[in-house]
Amino acid sequence: MRKVWYIIQREYLSRVRKRSFILLTLLLPVLVGVFTIVMVKIATSSGEKLQIAVLDESHLFQDKFRGLDVGETLRFDYLLDTTLSYEKLKKTYAEKYDAFLYIPKMDVAKNVEVTYYSSSELGTVTQTRIEKAISEERRKIVLENNKYDVEIIDQLDKDITLNKIINNEKKQGNSDISSLIGYLCGMLIYIFLIVYGAMVMRGVTEEKTNRIIEVLITSVKPFQLMIGKIVGIGAVGLTQFILWAIFTMIVQTVLQLVYGNELMALKSMNASSQAMQMSEAKQLAFNLTTSLADLDIPRIVFSFIFYFIFGYLFYAAQFAAVGAAVNEDTDAQSFMFPITIPIIISIVLMSVTIQQPSSNTAIWSSMVPFSSSIIMMARIPFHVAWWQQILSMFILVISSLGMIYVAAKIYRIGILTQGKKITFKEIGKWIFY
Amino acid sequence: MALLEIKNISKSFQNNQALQNVSLTILPNKIYGLLGPNGAGKTTLIRNITQIFYPDSGEILFNGEKLQPKHSNQIGYMPEERGMYKKMKVGEQLIYFAKLRDFNTKQAEEKIDYWLQKLDIESWRNKNIEDLSKGMQQKVQFVATILHEPKLLILDEPFLV
Chain A
1 MRKVWYIIQR
11 EYLSRVRKRS
21 FILLTLLLPV
31 LVGVFTIVMV
41 KIATSSGEKL
51 QIAVLDESHL
61 FQDKFRGLDV
71 GETLRFDYLL
81 DTTLSYEKLK
91 KTYAEKYDAF
101 LYIPKMDVAK
111 NVEVTYYSSS
121 ELGTVTQTRI
131 EKAISEERRK
141 IVLENNKYDV
151 EIIDQLDKDI
161 TLNKIINNEK
171 KQGNSDISSL
181 IGYLCGMLIY
191 IFLIVYGAMV
201 MRGVTEEKTN
211 RIIEVLITSV
221 KPFQLMIGKI
231 VGIGAVGLTQ
241 FILWAIFTMI
251 VQTVLQLVYG
261 NELMALKSMN
271 ASSQAMQMSE
281 AKQLAFNLTT
291 SLADLDIPRI
301 VFSFIFYFIF
311 GYLFYAAQFA
321 AVGAAVNEDT
331 DAQSFMFPIT
341 IPIIISIVLM
351 SVTIQQPSSN
361 TAIWSSMVPF
371 SSSIIMMARI
381 PFHVAWWQQI
391 LSMFILVISS
401 LGMIYVAAKI
411 YRIGILTQGK
421 KITFKEIGKW
431 IFY
Chain B
1 MALLEIKNIS
11 KSFQNNQALQ
21 NVSLTILPNK
31 IYGLLGPNGA
41 GKTTLIRNIT
51 QIFYPDSGEI
61 LFNGEKLQPK
71 HSNQIGYMPE
81 ERGMYKKMKV
91 GEQLIYFAKL
101 RDFNTKQAEE
111 KIDYWLQKLD
121 IESWRNKNIE
131 DLSKGMQQKV
141 QFVATILHEP
151 KLLILDEPFL
161 V
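Protein sequences, first through last, are from chains A and B.
If you count the first sequence from 1, position 180 lands on 180 in my numbering, and the numbers rise without skipping.
If you count the second sequence from 1, position 129 lands on 129 in my numbering, and the numbers rise without skipping.
To be clear, the hints were calculated from the coordinates, so they are not data collected in a lab.
We treat Cβ as the ideally placed atom computed from N, Cα and C, and that holds for glycine.
Some clues are possibly wrong.
[Said to hold, decoys possible] No farther apart than 20 Å at their CA atoms in a straight line, the calculated lysine to aspartate or glutamate pairs in the EDC-like style are these:
1. B:Lys-134 / A:Glu-131
2. A:Lys-64 / A:Glu-87
3. B:Lys-106 / B:Glu-122
4. A:Lys-18 / B:Glu-92
5. B:Lys-86 / A:Glu-328
6. B:Lys-86 / A:Asp-81
7. A:Lys-3 / B:Glu-92
8. B:Lys-87 / A:Asp-81
9. A:Lys-420 / B:Glu-80
10. A:Lys-3 / B:Glu-109
[As the list claims (entries may be wrong)] Taking CB as the label site, the calculated pair distances span:
11. A:Leu-401 / B:Ile-31: 19 to 25 Å
12. A:Val-258 / B:Thr-105: 18 to 24 Å
13. B:Phe-159 / A:Phe-424: 38 to 44 Å
14. A:Gln-252 / B:Asp-113: 27 to 33 Å
15. A:Ser-359 / B:Ser-12: 52 to 58 Å
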């Protein structure tokens, strides 16, 4: 056991001390932060304080843009003389205005075409605000012209509330946040399996091709060596994920402090093309908070760690066996194929699962150990029955141990087999040797 | 008494007979050379002694006892090709190998100090293996092989650099 501990230590320390590990661990949260800042900057690029002259030939939209100037970035001036041409306007008002919004006389029930003249690009936030203001006003006019009661229509437009009572417990949140969390967890496990599984494989192949194995094998058993490597590299992955989580939280907190208002505006805009007003942003924040409160966070965290570890053990054992069987990295491709295919299929199944978390496909694929670590994790935010989760966990633990046993048999012989091309048939023989 | 006694061992890999009724006696404090053409089975014989493989038939005795895993700490084996982690420092690598031979860190450091000074390669301690020449790597590999003071030392093509 002590020797396995030394092997774990070496595998772990030799990787976390690498410059590439430190750089990647630090850089990713910083890149996420930079990306967020860039997105905020682009989306709120109308924050450059625009003064817009509005030429409304029909006077239908007079004063309808008031109230759009959140943060005093936009100011609309309504030009009453609608006979002026753009060229003339440019000359007369070039110094005073940054842009002109031209709304021609039109039949609002049909196509509405509005033109924006400016020497610089229009920010997406401003564009959406203007479009929305025109669209809402047009709707009101058309409804009134057709003698509909606008208030009743508005009332009908409001989202209905679906009260969910699951196992006699009232659930307030909507499914969006469950889908998001499920998708995120499944995706993280997928990335972890592929990246760190491949790292195990390369590590084993390195020991084999460098003949380090011949020295090591005189003092430790092949099984100890394999387990040490799998656990050591798994710990590296876990460390990286934990550090990413911590650093990302720090970066996001800092961003929240510096760009709080812009982030809120951006989120509300992304969430719904209609959610522009602050009251709606607040509604969204409220929905998000109630949905989060409704999620069983301790269960999600516990399940994530469990499926993260056992899903990894299940696949890392296979990668270790492949690493031991092949003689060079290039040979590994054909042997990796049968391992990576179930992982990729799991990701495809995950999209189906998130849409229908209680479908037969979702239930079965969350039991099969080849896909359970990804699929069950995607289902858990949707309040999966405990018996299903326990059964899935039990199957995964047993399968992981079984896979380690089989992989150790392949590893034991493969690691010392040099210089000949290995076939699947031969690997099959090693298992029963 | 013989340190190592190999009695009629045979070893096959599927259809390939690598060793057939090989017998050999090694006495203490003696130097032996194992000669033969390529593919004669020299490395297979060594791997049977280092317990990487086990013979299909025959037996191997170490100090009069049937060869067992506990004897591996009394055998030092330097393979033909350098068996070291290229990106690891010389000192760390030697400590790792020593610990796998049941040394604690303090004992391992004392031994490594002794051998690095004796071979006058103390200055290499913090160098990565990949930064050393093949001959220098050979020296480090040699230190790793004898650190645990084995009774039987097997050097596979030691002068091949």
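Subject >> CB-CB spacing for B:Asp-113 and A:Gln-252 relative to the 27 to 33 Å hint >> reply: 49 Å, violated
**OP:** Hint says 19 to 25 Å; check whether the CB-CB distance for A:Leu-401 and B:Ile-31 agrees.
**Re:** The hint (19 to 25 Å, Cβ to Cβ) is violated, given that A:Leu-401 and B:Ile-31 are roughly 48 Å apart.
Subject >> Given hint A:Asp-81 paired with B:Lys-87 - CA-CA distance at most 20 Å >> reply: 78 Å, violated
**OP:** For the pair supplied as a hint, A:Lys-18 and B:Glu-92, confirm whether the alpha-carbon distance does not exceed 20 Å.
**Re:** Satisfied, since the Cα-Cα distance of roughly 15 Å is no more than 20 Å.
**OP:** Verify the proposed pairing of A:Lys-420 with B:Glu-80, using a straight-line Cα cut of 20 Å.
**Re:** Holds. A:Lys-420 to B:Glu-80 sits at ~18 Å (cutoff 20 Å).
**OP:** Quickly compare the C-alpha distance for B:Lys-86 and A:Glu-328 to 20 Å and report which way the hint goes.
**Re:** Judged against 20 Å, a Cα distance of about 16 Å means the pair holds.
Original post:
If you draw a straight line from the CA of B:Lys-134 to the CA of A:Glu-131, is it 20 Å or shorter?
Top reply: Outside the cut-off at roughly 72 Å; violated.
Original post:
When you take the CB atoms of A:Val-258 and B:Thr-105, is the distance between them in 18 to 24 Å?
Top reply: Given a distance of about 47 Å, which is not inside 18 to 24 Å, the answer is violated.
Original post:
Is the Cα-Cα distance between A:Lys-3 and B:Glu-92 20 Å or less?
Top reply: 15 Å, holds
Original post:
Taking 20 Å as the top limit, are the C-alpha atoms of A:Lys-64 and A:Glu-87 close enough?
Top reply: Distance ~25 Å between A:Lys-64 and A:Glu-87 Cα, so the pair is violated.
Original post:
Would you say the C-beta atoms of B:Phe-159 and A:Phe-424 sit inside 38 to 44 Å of each other?
Top reply: 40 Å, holds
**OP:** Mind checking the alpha carbons of B:Lys-106 and B:Glu-122 for me, to see if they're no more than 20 Å apart?
**Re:** 17 Å, holds
Taken one by one, the earlier hints fail for this structure at numbers 1, 2, 6, 8, 11, 12 and 14, listed in ascending order.
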